[in-house]
Amino acid sequence: MQIYDLIIIGAGPAGITASVYAARKKINFLVISLDIGGQAAWSGDIENYTGYQFITGPELAQKFQEHMLKYNTVLKEKEEVRELKKNGDLFSIKTNKAEYYSRSVIIASGKKSRELGVPGEVEFKNRGLTYCATCDGPLFSAKNVAVIGGGNSALDAALQLVKIAKQVYIINNTSALGGDAIMRQKLQEAANVTVFNGAQVISVTGDKFVSGIKIKDNSGTRDLSLQGVFVEIGLVPNSEFAGDVGKNSKNEIKINLRNETNIPGVFAAGDVTDVPEKQIIIAAGEGSKAALSASRYLAINKF
Amino acid sequence: MAKSVKIYSTPTCPWCIRAKQFLKENNVEFQNIDVSGDQQAIDELMQKSGQMGVPVLDIEGEIIVGFDRERIKIALGL
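Residue numbers (the numbering used here), protein chains in the order written: chain A, 13 to 315; chain B, 7 to 84.
The following block holds chain A by itself, in its conformation from the complex (with noise of 0.2 Å):
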């Protein structure tokens, strides 16, 4: 059985700042990750690097891939953690495909988004329904499309789907659009957006592509004719695995400011944690201290 000083879980800004780290400090760990960049990857234009005064979220994680890379670090990649347990002085780390064991653990496995939980939704999820208008708004020239959501991201979706759909619907299950001011007003402006306020999605609908959803409101249900569905209605952190770790009320996993959390040798950074701001470089620097907290305390337990 091959134990690690070290596993940590995700390779987004904290994952493989911490992956830098660790490899510096010769640290024998692992990686695991079901994807590498985590959202940032998925971001448009990253104006807030420092370092970088422009650069897209691919090319941003493609540079983050390759400063991991070069330690040759081992990375198990699309490998998604299902359990992590303590057994006496060590942890078990569970996946859809293996089981790992090491003395300290870091929890860099960041935010999904959340989902709408109706009917219809898993069935046509990549059949019309999508989480990312920045990847699949593209497909939709022409289309119809609705946007779940009020907030920044959905109106950002929206804002990217006028130049390219038919028509644009908004869901926003609130009395009034949120999100910034200056978005909102380039919304007004499209002239091919319809917003519903304090109203539900109830179903997707379709045959084997979306071809619909039934939304509520106070006036009753209605029928949308649509192709498009894109879901923006928040990020829910990924931590349902780590069962005994604490965390607050929105699920994030609670940590100090040395990136502990209550249970000795796992430690946690990122969006993932209950951090105050969500940011690439907040959960860089994050990655560095949790990997810096993990060495000593691997060094003071001496194993």
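It is worth saying that the hints were derived from the structure and are not from the lab.
Beta carbons are placed, not taken as given, at the ideal position from N, Cα and C, and that holds for glycine.
Watch out, some of these pointers could steer you wrong.
Pairs of lysine-lysine residues, derived as BS3-like cross-links and limited to a Cα-Cα distance of at most 27 Å, are as follows [stated by the list, open to error]:
1) A:K106 to B:K79
2) B:K9 to A:K90
3) A:K90 to A:K75
4) B:K79 to A:K82
5) B:K26 to A:K75
6) B:K12 to A:K137
7) B:K30 to A:K90
8) B:K30 to A:K75
9) A:K82 to B:K30
Label-pair distances were calculated between CB atoms; the ranges are [what the hints assert, rightly or not]:
10) A:G100 to B:K79: 33 to 43 Å
11) B:E76 to A:N209: 39 to 49 Å
12) A:R270 to B:F28: 33 to 43 Å
13) B:G56 to A:I312: 50 to 60 Å
14) B:A8 to A:K198: 40 to 50 Å
15) B:Q46 to A:P276: 56 to 66 Å
16) A:E289 to B:K30: 32 to 42 Å
17) B:E76 to A:I15: 18 to 28 Å
18) A:N263 to B:F28: 29 to 39 Å
19) B:E66 to A:S231: 49 to 59 Å
20) B:N33 to A:Q65: 31 to 41 Å
Starting from the known structure of chain A, arrange chain B on it as the hints suggest.
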């Protein structure tokens, strides 16, 4: 003999970029089909793969949805 490789993509999707990069690194020649605003290409993508996500690779008729590195390697004999 080199296999015919097509990739259906959009310029903005991260996995499309990764997939194309992977093909280039392995010196695989491929035809990139940017489906943005190209209804005919979109129809082809939907008909071949039964879904609307990108990237989709067509390697000598074998359809691979998403950047599935292992399947791509096997299909290309890498």
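Verification of the supplied hints:
1. A:K106 to B:K79: Between K106 of chain A and K79 of chain B the Cα gap is close to 26 Å, so the pair holds against 27 Å.
2. B:K9 to A:K90: holds, 26 Å
3. A:K90 to A:K75: Status holds; Cα separation ~19 Å.
4. B:K79 to A:K82: holds, 23 Å
5. B:K26 to A:K75: holds, 16 Å
6. B:K12 to A:K137: holds, 23 Å
7. B:K30 to A:K90: holds, 21 Å
8. B:K30 to A:K75: holds, 17 Å
9. A:K82 to B:K30: Holds, at about 19 Å.
10. A:G100 to B:K79: 33 to 43 Å: holds, 39 Å
11. B:E76 to A:N209: 39 to 49 Å: holds, 46 Å
12. A:R270 to B:F28: 33 to 43 Å: holds, 38 Å
13. B:G56 to A:I312: 50 to 60 Å: Because 55 Å falls inside the window, the suggested range holds.
14. B:A8 to A:K198: 40 to 50 Å: Because 47 Å falls inside the window, the suggested range holds.
15. B:Q46 to A:P276: 56 to 66 Å: holds, 59 Å
16. A:E289 to B:K30: 32 to 42 Å: Between E289 of chain A and K30 of chain B, where Cβ atoms are some 37 Å apart, the hint holds.
17. B:E76 to A:I15: 18 to 28 Å: This hint holds: roughly 27 Å between Cβ atoms.
18. A:N263 to B:F28: 29 to 39 Å: Distance hint for N263 of chain A, F28 of chain B holds at roughly 34 Å.
19. B:E66 to A:S231: 49 to 59 Å: holds, 54 Å
20. B:N33 to A:Q65: 31 to 41 Å: holds, 34 Å
Hint check: no violations occur; every hint is consistent with the structure.
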